[in-house]
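If you read the protein sequences in the order shown, they are chains A and B. Each number in my numbering corresponds to the 1-based position in the first sequence with 59 added. Each number in my numbering corresponds to the 1-based position in the second sequence with 279 added.
Computed Cβ-Cβ distance ranges for the label pairs, DEER-style:
hint: 1; chain 1: A; residue 1: Gly-86; chain 2: B; residue 2: Ala-386; range: 35 to 45 Å
hint: 2; chain 1: B; residue 1: Glu-412; chain 2: A; residue 2: Glu-206; range: 17 to 27 Å
hint: 3; chain 1: A; residue 1: Thr-85; chain 2: B; residue 2: Thr-281; range: 38 to 48 Å
Here's a subset of chain B near chain A, in silico, CB distances under 10 Å, partners left out:
hint: 4; residue: Thr-323
hint: 5; residue: Val-354
hint: 6; residue: Leu-356
hint: 7; residue: Ser-359
hint: 8; residue: Trp-360
hint: 9; residue: Ser-361
hint: 10; residue: Pro-388
Covered stretches of chain A (chain B as the covering partner; in silico rule of three or more C-beta atoms under 8 Å from a C-beta of chain B):
hint: 11; stretch: 95-102
hint: 12; stretch: 169-181
hint: 13; stretch: 193-202
Honestly, the hints are just simulated from the structure, not real lab data. Backbone N, C-alpha and C define an ideal beta-carbon position, used for all residues, glycine too.
Residues per chain are reported as follows:
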Amino acid sequence: MSERAQQLLEIADDELLLGWRNSEWTGIAPFLEEDVAFSSIAQNEIGHARALYELAGRDLGKTADELAFDRAPEEYRSAALVEPRFVPDWARTIARHYLYETADQIRIEALKASDDAEVAGLAAKIDREEVYHRMHAEMWLERLVGEPRVREALVELWPKALGVLGDDLRPLLRERLAALDLPEVEPVERGKHSGELAELWEKMTVVRRSVPGATW
Amino acid sequence: MTAESVWAALAEIPDPEIPTISLVDLGVVRDVAVEDDRVRVEFTPTFLGCPALEVMRDQMAESIRALGGEPDVQVILDDSWSTDRITPAGREKLRRSGFAPPAPREAAPPQLVQLQTAAFKCPYCGSTETRLENIFGPTPCRSIRYCAGCRQPFEQFKTI
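Pulled out of the complex, with its shape left as it was, chain A reads as follows:
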């Protein structure tokens, strides 16, 4: 697999799984505005995943759906940060949201500067939408950063957040989050999956596996 396809798949897998996790708040978020916000963010992330899979799929001779749903769980290249189910824990949800959006911004900025016009163009398009996710994440972190449960969640998820980025971009994440005074830790590398991915995969692919090749 080309380096470009690999990189696109990593980001697409992150966006698909986190989009799914965010959508688990639909209907049961702490209040109506957050039902709407997390549902909308989920929809955007899954839209980004589809576009990234489409671009990767042009190189790999596959459709977006085939890449999203026809791989085995161990073939996903997702980061450990996006895999766990956090409902009904709002503190960890906000901590992950903030850490992911901050790391994702660094990754998107790097892609926007890419020599590959297709990758740079899609990254710039995705970034237009991500601006609103970041606003939302920053607003929530500002409100809750003094809460012990949120602090605990930030420390717990920090090694996984570092694992969203490659080695080269991690110093930038440490720098941007310096004010949070997070500990020096070893990153959890991408591709090391928890049991929660397998569980999510079961649910996520059930329709496609039950009626292979169905269209609607």
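On the provided structure of chain A, position chain B as indicated by the hints.
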């Protein structure tokens, strides 16, 4: 069949979610090229997660077939669509249907403090005494604001 006749046909297709505005008003048609019967349309999506995108693509293909053409609708996955591509006529149609059109895009991306100012105009009464209720709304492209002038919530298009 000419590029002009295809543009005219596409201008008749309503947006699947906001039918007062057409796909051409929305700015999602980047280019039309006609070669004999083959019609190539460059379609530049709005929000990537918008469920209306597939409907738009199918409707464009159908409308080209109705003209006797063979459609080739190419989805362009680059950065060519922004809310600045919505035409002046499109913006006015949005406003008349109760959707506040998006503010023009500035060099820097939008900031939360900007959205929290009262500078956004109510599409019903024109008052600028409005406040942000939620960055997100019923679809990815909209936020929710509240007008203190006419005490009416309204949907504000996000600037992207």
